[in-house]
Amino acid sequence: MLAIVNAEIVPVVGDPISGGTILVDGGKIVAMGKDPEVPSDARIIDATGRTVTPGIVEAHAHVGISEQGLGSEGSDHNETTDPVTPHMRAIDGINPRDDAFREFREAGITTALVPPGSANLVGGTALVLKCAGEIVDDMVILDPAGMKAALGENPKGAYGKRQNKAPATRMGSAALLREALFAAKEYADKRESAEGGDGDPPSYNAKHEAMIPVIRGEMPLRIHCHRADDIVTAVRISEEFELDYTLEHVTEGQYVVDLLAEHEVRCAVGPTLQHGSKVENRERDFRAPLALAEAGVPMCFTTDHPVIAGQFLPLTAGIAVSWGMDYDLALRAITLASAEHAGVADRVGSLEVGKDADLVIWSGDPLDYTTFADVTIIDGCVVHERQV
Amino acid sequence: MLAIRNALIHTGTGETISGGSILMRDGRILDVGGGLDIPSEADILDAAGAYLTPGLVEAHGHVGLADEGVGWEGDDVNERVDPVTPHVSALDGINPRDRGFEDFLAGGITSVQIKPGSANVLGGSTVAAKTGMQATADRMIINPNTGMKAALGENPKRAHGAEHNRAPYTRMGSAAIMRDWLFRAREYLKKREQKDPKVGYDAKLEALLPVVRGEVPLRIHCHRADDMLTAIRIAEELDVLYTLEHATAGFKIAGYLAARGVRCAVGPSMSREAKVELEGVGFETAAAFEKHGVPYCLTTDHPVVRAMYLHMIAGKASAAGVGDEGALASVTLRAAEHVGIADRVGSLETGKDADMVIWNGDPLDGRSTPRAVIIDGEIVHRGR
Amino acid sequence: MLAIINARLHPVSSSPVRGALLLDGGSIREIGDIRVPGDVPVIDARDRIVTPGIIEAHCHAGLSEEGIGWEGNDGNERSDPMTPHVRAIDGANPEDKAFGFFREAGITSSQLTPGSANIIGGEQLVAKSKETLFIDEMVVLRPSGMKAALGENPKRVYGPKKSPATRMGNAAVMRKWLSKALAYSKKKESGSDPDFDMILEALLPVVHGDIPLRIHCHRADDILTAIRLAEEFSLDFSLEHVTQGHLLADTLAEKAIPCAAGPSMVHEAKVEMRGNGFEGVATMHRAGVRICLTNDHPVVHGRNLPAAAGMLQAAGLSSDDALGTITLAAARHMGLGDRLGSLEVGKDADVVIWSGDPLDARSFADVTIIDGEVVHRRGDDA
Amino acid sequence: MRAYRGARFYPVDSAPIDEGVMLVEDGKIVGIGRDIEVPANAEVIDLAGKVVIPGLVDAHSHVGMWGDGEGDASRDGNERPGPITAEVDAIDSVNPHHVSFQSCREGGVTSVMIHPGSGNAVGGLCFAAKTRGEVVDDMVLKAPTGLKGALGENPKRGGEGKDSPKTRMGTAALIRDFFARAEEYGRKKERGKDPDPDLALENGLRVLRGEIPFRVHAHRSDDIATAVRLCEELGIAFNVEHCTDGYMIAPFLAEKNVVAHVGPGLSSRGKVEVANRDERNAALLAEAGVKVCLVTDHPFLDVRYFMAYGGVAQKHGLSFSDTLRALTLSPAESIGVEDRVGSLAPGKDADFLVLAGEPFSYKSPVLSTYIEGVEVYSRIDRRGG
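Chains as they are written, first to last, in numbering that gives the first Met the number 0: chain A, 0 to 387; chain B, 0 to 383; chain C, 0 to 381; chain D, 0 to 384.
Note that these hints are calculated values from the structure, not bench results.
Quick caveat, the model's predicted, so the values are computed rather than measured.
Heads up, some of the hints might be wrong.
As the list claims (entries may be wrong) - Mimicking DSS-like on lysine-lysine, the simulated pairs with C-alpha atoms at most 30 Å apart in a straight line are:
id : chain 1 : residue 1 : chain 2 : residue 2
1  : B       : K251      : A       : K184
2  : A       : K277      : C       : K160
3  : A       : K277      : D       : K188
4  : D       : K362      : D       : K49
5  : B       : K290      : A       : K164
Based on the provided sequences and hints, a complete structural model is requested.
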């Protein structure tokens, strides 16, 4: 058992507790409040004067799959041999020894959703994992956690421009994506009727098989889109097929905010600090997240690690506040909102009794540029402790 | 409610009303005429005797698919990796924030048919849209599927045969591909209707179903007379609806086209003979079509010619023999008929969309510009 | 001799006047309220407008031919970014249909210029739109300048594997060769007899200031780079296209740099053409920049040049000023202000009779006259 | 004349002034202090509760020539993957209308040194400019300010064509050869032999004559050591750009008086040669006595977030005053323009920022940016009122 005492607790859900205590047992938060009784055998961490928040959740990071400090040898996020590869699984490409996991822990990031890259229209399944461990299977919270898809420049650059293959245009991308969805739907329908005794089952197809949960709305399609029209295309196709879906990046979201609000689309916004590496992210800045937040669109921030190093996720939220975002909302956008985006809010993202004991003790205001994660705890275990 | 009074109204149906008024509400035209009673609650715009025409209709443009002033990243006109891509739709490539739309408004164009390019034999679905920029393309759409873009002549054989060493290499090759896919679509339709279990979903054939069912036309890019005749031959053989796009050498076969009532979108007549098949490009075809009674309209093929010059093109056609009335009709009502949206736009009539332009001079004078452009009853552009 | 009577004369260099025009020996002999000798053949203008011949000051007619493919494309010698030794006269085909269209449209002179793929692309010439098989018979001035280019085109053609690959590369290539040419010139002058070098020979008139370097530039910073380079080497120079020149209108006006603006009718086909249109040209004109208007034929067909001037009128220029940008200003841009571009005694007899207002796109050139000879007649005049 | 009154001023080269006054006339600072008399005719601007620091100086940037969503058409940073392109000049690639200059003003960066890219062993001339203006030539603060060099992965990554370097030793050899030829060229000129003009060698000669330094891109510690070795051997002035592994050999760099341009900040370890990247780099270098300038390498760190980068450096051990200096006076000195910018002192250009509070916090956004006394950005503009 572990007790964090005398803490300025910011649970994200519910009011802050000044001078509070959090009790952790079996990897879960078992008590939290002003004065819960601390068992005598508990290991005590004194957080006097320091802020404690839930562990930070990064909703879209290629950690472990696009490794730091390596060339093509560590690059395993884009299977660029075919624009439609739903049968890829990010879990099979993750190296838990990627040094970025350590940086994440040092920065207070305890959970990450890891999707494949965006070179492919349909890239494969994402997973959500804890940022500590040696064996990826032991780190998993949710797998699969959505199917990665992409619109806009990346697929048409990877195929049309570099390989003279489809897709070469945005409409080509949309058509291919639709085709994949239609084909999977037909496959799923046939299989279903065969199971009901009507006709033969279709012959096995790995891609269609992987798409079945998507087409049935059981798993979200997570669609990479920057430009406003790409965002709209993503919504158009998803609504057409009645999919569960999220949008990733949403760089020009400010222009279509009412559409996103109308459909209550979950958006992971970022990497907002990125440079203008391509035409479609020309307008990246904090207008999109501010507009989405104001309109009540469910949104969270992402660094798209390693595009911006994941450790700068809290700093991103801080800059958003300097642009005018409400502080609580900004903090929520890197904790609970990210957890909701990733589909794991039942376990992480806020400090509540019964939730995973993922928390961070900060040296100061967690969103300020100069603040450290002094202690990072995942599943009740201290995974980082800053040496002062 | 908005009322414009004291205008020199060209209704687009051949009628001219001087000192006329027009009333609109909820995006629709309530009434047009001289001496209308203007309700007291209406906002009034005094045209001071200026020309008022229907909003112009561009029957063939690529706006939104090729962003102005951007490189390959914003170029989504041609899915040129395969000569047969009927399953793509212009709707999915349109960037409603393309500055090209401003060109349309600057030229008094309120509706446009947006098409995929002509690199492919079967290029994808076309859409009809309003040009007032909205946050999403979907909100600009009048009709999300106005036809299937097709192409004959030089472009497909250059984009595939010459550049990538694959079919089509020749005009006969293009024709064969078009025929093949239309036959297969017909077959697919039959089998799907019979629920043949051996025939699975096919995105390309699926996209061709509206064509073979006769619901939407093939819109066939063709310049040379022989390409136009090939287009007609194939379309009639398969018994599908069709229109001809560009029809550059149409003056050579105007009688033949008139006899069949073939709809043609003519242009861009202000361009040059940029390739061999454009020989004779100019206003002779418009004049011949007017004379023979071919149902035609004029187009800029934006961005080949900037859309803002559509009314200048109409003026030039008028001078070349079309006459003012025919010229104006060919960029308004006839263009709307070509696209299949004449029930809503193209003329100033009660019940139609309130799309119109107040000009600072004769609209057929290229130097005139819109003083105000109105779409769905709202002023969306103001000029000098 | 030929006389045009009952004309509404727009001489450009002076106010419009009703009267007659007497042409003799290829030049204008008398103008205005004059008596026409009885034996002179007469064209009755029937109160139509008569202007000087229209001039396309930056064009590729004859070099990028109409209606054919690569076979007729001789505008860019894209084998090397430095080709000052090639000459437009060796590539221009008098049989290009464009010249026929020019005559029909009242375009009587044009400056034929190599393309913009190369940093220095070759020697230019000014030609009359005469019907002949011999380009030499069309020539008014040769060389009329040396073509150069900055911005996207050269770096797109040669980069990224070869220089120039960037804008600074563009400048460096030009700087390098101009420096070499200066050194070559110095050696020749000092009598040290350097080895013959055709490229450097061709650059001598440029570095000596004998012919202008005509520098293709769209974006504002490319315009500035052009000026920086030209001033560094004290060149005679002009700027071509100047799409974003309105952002630097005061600078251009102050330095009195000749600018050929256009093609303003074309859409923003490249990144560097953002903001293209007639408003910018009008802004430059208002600021006092020495501009003429060009269609960069065939980018926009030269025959639409009067319509383009009409758009300039729509953007706020007076009709006379707009007409001036495609006549006298164009002639001056090409260095032929003393011979072409206006109806004045002693100037070349290049004259057009119009069916209506020449800047109205619906008007036709009813009669086109070059060097006193009728080269095109339409309708009743045919 | 204007009097900016009531703020806390950080002049950088002298002690902070609480509730101070700064007088500005004709674009210059004419007085600063606590007890400065405000002339009667001065327009007084009340900045009570605000903080004023000098305009930031970014000593390694590609603003105006690269990135910001313009695509291929505006990629003007690296002149072909040839090894030596010393003849090019960054000024010829810079577009004053590029959105990145607006970003500079938003981010409080008032002076920048603009470099060619690091694709080539010798990449071309750098220059320094103010970040406002229509005509780049009028924006120049100093030109040229150096010749760009590069070691490590970048020059060999372009390894196509027969003459490109394929190895680190190849790159070093090319640089040695280049300067040897420049020296020979210079000798010929001195002896009146009048060699054919060679712009690349002319620029090499400027370095050899000590007119401008060689500014060498190097990440890995061995590349940094190579830079030092080469430049000492050639007897030329130099500094190290990026200096990612610098903290690993900090005492060595201090001993050699190497100026380190550290950055870009907030980036990840995207290639092998930055595998040892550590946020403590700037602090450890400073601690060892190395002069440190923080740089954005814009577009690689968006210049709008330069101040946040300062915060991160401070977080990892760089003292407040060292951080401030590393964003202002140190880069001004490295560029050679410290007589005009980099600190708030009489006689210097009135380039300064008004902040909402103490620097390096999200709570202290830039409220106003001034260049030569002119307000070139105000936060209200960005937020739309």
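Each hint, compared with the structure:
no.: 1; hint: K251/B x K184/A; in the structure: 50 Å, violated
no.: 2; hint: K277/A x K160/C; in the structure: 21 Å, holds
no.: 3; hint: K277/A x K188/D; in the structure: 46 Å, violated
no.: 4; hint: K362/D x K49/D; in the structure: 12 Å, holds
no.: 5; hint: K290/B x K164/A; in the structure: 46 Å, violated
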